[in-house]
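Novice: With the hints as a guide, bring both chains together as one complex.
Residue numbers (our numbering), protein chains in the order written: chain H, 1 to 420; chain S, 421 to 677.
Don't read these hints as lab results, they were simulated from the structure. Since the structure is predicted, the reported quantities are computational estimates derived from the model, not experimental observations. Check each hint, because a few of them may be wrong.
What the hints assert, rightly or not - Covered stretches of chain S (chain H as the covering partner; in silico rule of three or more C-beta atoms under 8 Å from a C-beta of chain H):
(1) 555-567
(2) 634-648
(3) 661-669
Stated by the list, open to error - Label pairs and their in silico Cβ distance ranges:
(4) S:I510 <-> H:L365: 54 to 64 Å
(5) S:G501 <-> H:R80: 15 to 25 Å
(6) S:L676 <-> H:P21: 28 to 38 Å
(7) S:E498 <-> H:H215: 49 to 59 Å
(8) S:A589 <-> H:E360: 19 to 29 Å
(9) S:F464 <-> H:R80: 26 to 36 Å
(10) S:L676 <-> H:R80: 50 to 60 Å
Said to hold, decoys possible - Short, incomplete list of chain H residues facing chain S, as computed with Cβ under 8 Å:
(11) K37
(12) E79
(13) M82
(14) W89
(15) I234
(16) P238
(17) Y239
(18) K243
(19) Y245
From the three backbone atoms N, C-alpha and C, an ideal C-beta is built for every residue, glycine too.
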Amino acid sequence: MKEKETENKKGISNWIDERLPVFTFINHNLRDYPTPKNLNYFWNFGSLAGVTLVIMIVTGILLAMQYTANTEMAFDSVERIMRDVNNGWLLRYIHMNGASMFFIIVYIHMFRGLYYGSYKYPREILWMLGVVILLLMMATAFMGYVLPWGQMSFWGATVITNLFSAFPVIGDYIVTFLWGGFSVDNPTLTRFFVLHYLLPFAIVGVVALHLVALHQFGSNNPTGIDVKSEGDTIPFHPYYTVKDYLGLGVYLIVFAFLVFFAPNFLGHPDNYIPANPLQTPAHIVPEWYFLPFYAILRAVPDKLLGVLLMFAAVMVLFFLPWLDKHKIRSANFRPFYKQFYWLFFINCIVLGWVGAMPAEGVYVLISRVATLYYFGFFLIIMPFLSKFEKTTDLPSSISAAVISEKFDNNEPSSAESYVK
Amino acid sequence: MLSKLLYLFICFLFLFTVPNGILVKAATSNVDLIQQNWPFNGIFGRFDKASLQRGFKVYSEVCSACHGLRHISYRDLEGIGYSNDEIKVIAGEYEITDGPNDEGEMFTRDAKMSDKFVGPYENDKIARLANNGAYPPDLSLIVKARAGGADYIYSLLNGYKDFPEDFEAGEGMYYNEYYPGNQIAMPPQIEDDIVEFDDGTTATHNQIARDITSFLAWTAEPELESRKSLGVKTLFFLILITIMLLGVKRKVWKNLD
Numbered sequence: 001m002k003e004k005e006t007e008n009k010k011g012i013s014n015w016i017d018e019r020l021p022v023f024t025f026i027n028h029n030l031r032d033y034p035t036p037k038n039l040n041y042f043w044n045f046g047s048l049a050g051v052t053l054v055i056m057i058v059t060g061i062l063l064a065m066q067y068t069a070n071t072e073m074a075f076d077s078v079e080r081i082m083r084d085v086n087n088g089w090l091l092r093y094i095h096m097n098g099a100s101m102f103f104i105i106v107y108i109h110m111f112r113g114l115y116y117g118s119y120k121y122p123r124e125i126l127w128m129l130g131v132v133i134l135l136l137m138m139a140t141a142f143m144g145y146v147l148p149w150g151q152m153s154f155w156g157a158t159v160i161t162n163l164f165s166a167f168p169v170i171g172d173y174i175v176t177f178l179w180g181g182f183s184v185d186n187p188t189l190t191r192f193f194v195l196h197y198l199l200p201f202a203i204v205g206v207v208a209l210h211l212v213a214l215h216q217f218g219s220n221n222p223t224g225i226d227v228k229s230e231g232d233t234i235p236f237h238p239y240y241t242v243k244d245y246l247g248l249g250v251y252l253i254v255f256a257f258l259v260f261f262a263p264n265f266l267g268h269p270d271n272y273i274p275a276n277p278l279q280t281p282a283h284i285v286p287e288w289y290f291l292p293f294y295a296i297l298r299a300v301p302d303k304l305l306g307v308l309l310m311f312a313a314v315m316v317l318f319f320l321p322w323l324d325k326h327k328i329r330s331a332n333f334r335p336f337y338k339q340f341y342w343l344f345f346i347n348c349i350v351l352g353w354v355g356a357m358p359a360e361g362v363y364v365l366i367s368r369v370a371t372l373y374y375f376g377f378f379l380i381i382m383p384f385l386s387k388f389e390k391t392t393d394l395p396s397s398i399s400a401a402v403i404s405e406k407f408d409n410n411e412p413s414s415a416e417s418y419v420k
Numbered sequence: 421m422l423s424k425l426l427y428l429f430i431c432f433l434f435l436f437t438v439p440n441g442i443l444v445k446a447a448t449s450n451v452d453l454i455q456q457n458w459p460f461n462g463i464f465g466r467f468d469k470a471s472l473q474r475g476f477k478v479y480s481e482v483c484s485a486c487h488g489l490r491h492i493s494y495r496d497l498e499g500i501g502y503s504n505d506e507i508k509v510i511a512g513e514y515e516i517t518d519g520p521n522d523e524g525e526m527f528t529r530d531a532k533m534s535d536k537f538v539g540p541y542e543n544d545k546i547a548r549l550a551n552n553g554a555y556p557p558d559l560s561l562i563v564k565a566r567a568g569g570a571d572y573i574y575s576l577l578n579g580y581k582d583f584p585e586d587f588e589a590g591e592g593m594y595y596n597e598y599y600p601g602n603q604i605a606m607p608p609q610i611e612d613d614i615v616e617f618d619d620g621t622t623a624t625h626n627q628i629a630r631d632i633t634s635f636l637a638w639t640a641e642p643e644l645e646s647r648k649s650l651g652v653k654t655l656f657f658l659i660l661i662t663i664m665l666l667g668v669k670r671k672v673w674k675n676l677d
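Bound conformation, chain S alone (with noise of 0.2 Å):
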C-alpha cells in the first residue's frame, strides 16, 4: 500500500519535471549561469534584509537613472526593514505630478508613501530616445520575468567582456555573455566604491552585484517570506494529517480481510 502511494508520488513528480525542464533549456542560451546561494531560496528562504537596503540604495544611486520600479509604493519598503520615518524621508526626495486643485491646475508635490516609486522618464517615448532606441525595461518583476531569475540578474551584471574578434557590433552595444544574442544595450554600470554603503560593507563589484540581484528578488515576490512561512506550515499539517488518514484507512480497510 505505501509503495503504491509512493509510487503515485513519483509519478508526480515525474509528470512534473518532464515539461518544466524543457522550456528553461528552450528558454535560457547556451551558456551556464553563475549558480549562487540565495538566502532566499530553499523551502525556509529568508531575505537578509541588510543586503535589501543595500542593493535598495544601488538601485537609488544608479539603476534609477534609466529604470523604473512602478509596481512598488514607498510604504512597501516597510518590508526590508524601514521605519516610517525613514520612508517618509527617502520618498520626500521625490517630486510628482499631482491634480488638478480646486483651481483646475496641475501642481508638483513631494511623494508620499502612498505613492508608486517615480519612475525616470516621462514616457517609453523619451526613455527610448535617451538611450539610443533601447527602453531600460521597468525593474519590478525583472527577476520573475527571466529563465534563471535572480541568478540569471547576478550574471549578467558579471557578464560583460570585449567583443571577440569576429563579432559584428552594434552601434552603442556592449558583449554580455548572457544576454541573448550577446549584444546589450545597457552600458556596463557596476564598479568597485560606485555605491558608499552605510554599513560599512566594502563595495565591491561582485558585493554590490549580489546586492541589487537580492533587492530586485525581492521587489519581484514581496510575499516570498510569508508565503514559504505559510508553506511550511502548511505542508507539516497536511503531512500530518494525510499520516492520520492512512492510519484511519488502514482501520477501516481491515474489516473486509
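If we strip away everything but chain H, and leave its shape as in the complex, we get (with noise of 0.2 Å):
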C-alpha cells in the first residue's frame, strides 16, 4: 500500500511531463541550460527587464481596475487612486516610476548589446525582435502617459501626433485618424487606454519570441567567443539564478528608493495641472526616455525631415547586423571600434541633454553635431571599420580568457590554484 503511493506520487510529475512536457522545458531552460561561465553584471538587465514588465503588467491592470478614461474624468480618477484607493499611490508610484526604469534597464541592455556584438550572427534575429519590443514600449509608454490627462499628457499628445500631418498628401488623414476627431480629445483618450492596455500583451508575445531565439544558440558573452567545449558553460541553475536574484535585490533597491523618496523626481510638475487644450505650457517636454529622440526631431529645420529621421534613429538598429559585419564580436577585442563606441554612448547622453532644453541658440548646433554622429556611428563607422579594423589578440576560448583574467587582477592566489 504505502510502495504504491509513493510511486504514485513520484509518477505524477511524470505522468504530466509525457502529456505535456513543462518539467523537462524548465529543466532544460532554467536548470541545466548552458551558459558561458564569464557573463558579467550586464547580462542581469534582461531578466531584471523581464521582471518590470511583470510589475508593470501587475501594477497596470490594478490601476486600470480604477482609472477612468474619460476627458471630463481621467485626472479626478487618478487623483483618486492617489488618495482614496486602499495603496492606490502606491501602486501608481510603482507603474509611473516603473516606466523610467523599465527604459533604464532596456536601454543598458541595449548598450551592453552594442558593445559585445551581441547582435552579429548568429542571433540577428534576437537583435531585431528586442528593436520590435523597444518599438512596442515607446508606443506603450507614449500612450501611458497621456492617460492621466494632465498637461503635459495632452501637449506631449498632441505634439507627437500632430508629427504625422508632416507627410505629403496623407498627413492630416492620418492625424485626423489617430485622434478620432479633429482635436487631441476624448476619443484619443479612450483609444490610447485601450492600446496602453493592449500592446503590454504584444510585448509579452514578442519576448517569449525573443527567449526562444536566444536559447537556440545561448548568451553571448564578454569575449564574444563561440562556446567551445563543455568546459566554458556552467548550467544557469544554480550559478545564474542565484546572480539574477542578487543583481534583482540590487535593481530593487533603486526602484524603491525612488518610489518612495522621489516619486515625482522624473515627472514633470506640469502634469499635476489638469489637461487645458486653451493654455500651452512654456516647454513641452517628453519624458526624459524620449528626449535623445526628440533632440533629433528638432535638429532638422524641415518638419518632414526631422519626423523621418527620429523614425530612422530606431529603425537603424534593425540593420545593425548588416551595418557591423566585423567577424569580432566583442569590442574589448576591437581597440577603435571601442573609442567610437564610448563616444556614442557620450553622445546619445548629449543628445537626451540637449532634447531636455529649448531648441535655439547653441543647443541646435550641438544637437545637429550630436545627430551626425549618431547616424554616422552606424551608417559611416560601423561600415568602415568592419572593413579595416585590425583586431587584438583573441583568447583561445572562454576559458582560456577566464584564466588570464585572473592573472590580470593580480590575484595570486586564486591564479595558483589554477595553476595547479
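Specialist: Following this line, the structure appears as C-alpha cells:
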C-alpha cells in the first residue's frame, strides 16, 4: 500500500511531463541550460527587464480597475487612486516610475548588446525582436503618459500625433485618424487607454519569441567567442539564478528608493495641472527616455525630414547586423570600435540633454552635431571599421580568457589554484 | 565583485540625475528659491501637525476666498489631527447644493464629512470675472504642480516687491520675483497678524507663509508619511536580503574556483 502511494506521487510529475513536457522544459531552459561561465553583471539586465514587464502589467491591471478613461474624469480618477484607493498611491508610483526603470534597464541591455556585438551572427533575429520590443515599449509608454490627462499628457499627445501631419497628402488624414476627431479629445484618450492596455501583452508575446531565439544559440559573452567545449559553460541553475537574484536585489533597492522617496523626480510638475487645450505650457518636454529622439527631431529645420530622421534613429537598429559585419563580436578586442562606441554612448547622453533644452542658440548646433554622429556611427563608422579594423589577440577559448583575467587581476591565490 | 556592484549603482544614479537636473533647471526661473528645511523633507520626513492646523486656518480665513481645494474631503482633515467631532463642526460651516430630492427639487444642506471642500466659485467663468480675468488655481496639488515644490510656494509668498522702474506692468498686476515673467495677478495676501493662531503662535509674515505652505504640501501628498515609513521598512528589508543574496552568490560561485 505504502509503496504504491510513493510510486503514484513520483508518477504524477512524470505523468504530466509525458503529456505536457513542462518539467522537461523548465529543466532544459532554467536549470541545466548551459551558459557561458564568464558573463558579467551587464548580462543581468535581460532578466531585470522581464521582471519589470511583469511588475508593470500587474500594477497596470490593478490601476485600470480604478481609472476612468474620459477627458472629464481621467485626472480626478487618478487623484482618487492617489488619495482614496487603498495603497493606490503605491500602485501608481510603482507604475509611473516602473516605466522609467524599464527604459533604463532596456537601454543598458541594448548598450550591452552593442558593446559585445550580441547582434551578430547567429543572433540577428534575436536582436531584431529586441528592437520590436523597444518600439512597442515606446508606443505603450507614450500612450500611458497621456492617460492622467495632465498638461504634459495633453500637449505631449498633441505634439507627437501632429508629427504625422508632416507627411505630404495623407498627413492630415493620418492625424485625424489617430485622434478619432479633429483635435486630441475624448476619442483619443479612450483609444490610447485601450491600446495602452493591449500592447503590453503584445510585448509579452515578442519577449517569448526573443527568449526562444536566445535559447537557440545561448547567450553571447564578454569575449564574444563561441562556446567551444563543455568546460566553457556552467549550468544556469544555481549559478545564474543566484546571480540574477542578487542583481534583482540591487535593482529593487534603486527602484524602491525612487518610488518611496522621490516618486516625482523623473516626472514633470506640469502633469499635476489638469489638461487645458486653451493654455500651452512654456516648454513641452517628453518623458526623459524620449529626449534623445526628440533632440534628433528638432535638430532638423524641415519638419518632414525631422520626423523621418527620428523614426530612422530607431529603425537603423534593425539593420545593425548588416552594418557591422566585422567578424569579431566583443569591443574588448576591437580598439577602434571601442573608442567610437564610448563616444556614441556619450553622444546619446548629449542628445538627451539637448532634447530637454529649448531649441535655440547653441543647443541647435549641438543637437545637429550629435545627430550627425548618431547616424555617422551606424552608417559610416560601422561599415568602415568592419572592413579595415585589425583586432587585438583573442583568447583561444572562454576558459582561457577566464584564466588570463585572473592573472591580470593580480590575484595570485586564485591564479595559483588554476596552475595546480 | 563589490566594486562592480558599486559601479553599477553609480551608473544608475548617473542616469537618474542627469535628465532630471536638466528638467528642473529648464522649468524654473533664474532666481534661486528660498530653501527651507521642511520637516517633511528627507527619508524620515514627517509633517508637523500643529503647523498643518495653523496652515489650515490660514487657508480657511485667507486663501479660500479665491482658491478651492477640490481634491480634499472634510474627512481628510483627520490626517492633520482633527477629531471626527471637530471635523463635523468645520464641515457644518459650509453649505452644499444637493438633490434632486423626492419632489424633484434641488436643495441646500450643511456639508458633511464625506463632502469635498466647498469651493469659492460656482464655475471657472465666475472665478475669472471676479479676479480681473485671472483664474485662481485650485490649491490641492499646487506643491506638486510647480517646479521647486514647497520652496517655490514659500518663495512666491515672500517674493512680492515694488515694480522696478523700467518694468512695463499690466493693469492690476503685482511684481513677484519668483513668478515666471514676474507679473502675478494675485495681490500680496499675507501680512503680520492677518490670522490669529489658536495655539498662541505669533502670526508673523514668515510664520504664516511657512504654515500655509506646509498645509499645501500635505494637501498635495497626504500619503507622504505612510509612503516614507513604508519606504524605510521596504529598503531595510531589501538591503538585508540583498546582502544575504551576495553571501549566497559568493558561496555558490566558489564551487567554480
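Novice: Could you work out which of the previously given hints the structure breaks and list their numbers from low to high?
Specialist: Failing hints: none at all.
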